[in-house]
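Number of protein chains: 2
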Amino acid sequence: MSSSPPSRGRPRDPRSHEAIIDATAKLVVEVGYAATSIGAVAARAGVGKDTIYRRWPGKPELVFEAVFTTTDDAPAPDTGTLAGDLTVMLQGLVDEFHAPAAAAALPGLLADFAADPELRARIRGDFLAPSKDRLLVVFERAATRGEIAAETPVDLVLDTLAGAVFFHVGLVGERPDRQLAATLAAVVAKGIEVR
Amino acid sequence: MSSSPPSRGRPRDPRSHEAIIDATAKLVVEVGYAATSIGAVAARAGVGKDTIYRRWPGKPELVFEAVFTTTDDAPAPDTGTLAGDLTVMLQGLVDEFHAPAAAAALPGLLADFAADPELRARIRGDFLAPSKDRLLVVFERAATRGEIAAETPVDLVLDTLAGAVFFHVGLVGERPDRQLAATLAAVVAKGIEVR
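In the order they appear, the protein sequences are chains A and B.
Counting in our numbering, the first sequence runs from 1 upward without gaps.
Counting in our numbering, the second sequence runs from 1 upward without gaps.
No lab work stands behind these hints, which were simulated from the structure alone.
Some hints here could point you the wrong way.
Stated by the list, open to error - Mimicking BS3-like on lysine-lysine, the simulated pairs with C-alpha atoms at most 27 angstroms apart in a straight line are:
hint	chain 1	residue 1	chain 2	residue 2
1	B	K59	B	K132
2	A	K49	A	K59
3	B	K190	B	K132
4	A	K132	B	K190
5	A	K59	A	K132
6	B	K59	B	K26
7	A	K190	B	K59
8	A	K26	A	K49
9	B	K132	A	K190
In this text the structure is predicted, and so the values were computed from the model without any measurement.
Chain A with its partners taken away, still in its complex shape (with noise of 0.2 angstroms):
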């Protein structure tokens, strides 16, 4: 995004980015994916449709944004240990996922992200990658602490950790009892612990 040149038109305005993101969470609860169209949510947020193609790609990217990024923003957990820490991050997952959002984006999303072999590529690269720097930070301060070794593979635990949520949650469609974070977090930071 920062690479791009500042051509056409003012400047990015924050209330517009989130405008946009509200308008397509409450739409595709209320109308469903498939009727959740750029135009739909141009609309409804008051701005052009150009203004939302010059920041995604396409509606999937939108929709992903909107449903399953509401806790990229925040700072990483910092509980003191690597089971806090994952905890936090995995009561974030089930939250998004238990949503209704998430029930009423999943389909369409998932039916795209399958169908879509450029699409399936950017999922590492775009969609998780703010997830995972927030848990290379958490993997750096558990390593510090000598909680687990510096050479974790912190792909492969995201994939575990969302992986689980996504199908116990998302697609068995299991409603999460209230220990399901902390107990996945305990099970997950034992499993990479060094002791």
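Chain A is already provided as a structure; the job is to place chain B on it using the hints.
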């Protein structure tokens, strides 16, 4: 199945069952999920459509069985350690998700799963039951050896294993390295061990 009355027609022919499963897996790879109709499967397998509908409620169930239950009939692994047994089970999952049939079936299958609440409700009961049975045998042996506590949550561990492989191989599309199953098995086994 065994509780249904032995009604109209001949007894079931295991060869036709295998021919149907085989035709389904091949058709999905050749023409994709959308074009894999019950009629096309019937023609390819040399059976009538009603033969298929007597055994499977519809296409998603048939495709799921053809693509994702290839190891369900194998006995539960018995390598002598929990990590070893989980490695064998995970390698089966990795192989399934990495096979061409999975790549071909996953988009449509996920869309059908996610869009159909009834189908979704059957995932745990019908689709995951054989895997859960095998994992329960593995867990019983591990508990007898003192590796894990008797109350280890089998559903959550199953979702963690399946979700990790699904996310890593199926969704993100990482080419699974040869150590993937063993690495994941080691993490999860260590994470649920009593020590």
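Problem set entry | Proposed proximity, B/K59 with A/K190 (alpha carbon, max 27 angstroms) | The given pair, whose Cα atoms are some 41 angstroms apart, is violated under the 27 angstroms limit.
Exercise. Given the hinted pair A/K49 and A/K59, is their alpha-carbon gap at most 27 angstroms?
Worked result: Status holds; Cα separation ~12 angstroms.
Problem set entry | Proposed proximity, B/K190 with A/K132 (alpha carbon, max 27 angstroms) | Roughly 23 angstroms separates the two Cα atoms, so the pair holds.
Problem set entry | Straight-line alpha-carbon gap B/K59 to B/K26, limit 27 angstroms | holds, 14 angstroms
Exercise. Is the Cα-Cα distance between B/K190 and B/K132 27 angstroms or less?
Worked result: Given that 27 angstroms is the threshold and the Cα spacing comes to 20 angstroms, the pair holds.
Exercise. When you check the alpha-carbon spacing of B/K59 and B/K132, does it fall within 27 angstroms?
Worked result: holds, 23 angstroms
Exercise. Is B/K132 close enough to A/K190, meaning Cα to Cα at most 27 angstroms?
Worked result: holds, 23 angstroms
Exercise. Taken at face value, is the distance from the CA of A/K132 to the CA of A/K59 at most 27 angstroms?
Worked result: holds, 23 angstroms
Problem set entry | Given pair status - A/K49, A/K26, alpha carbons within 27 angstroms | holds, 17 angstroms
The structure fails hint 7 only (numbered hints given earlier).
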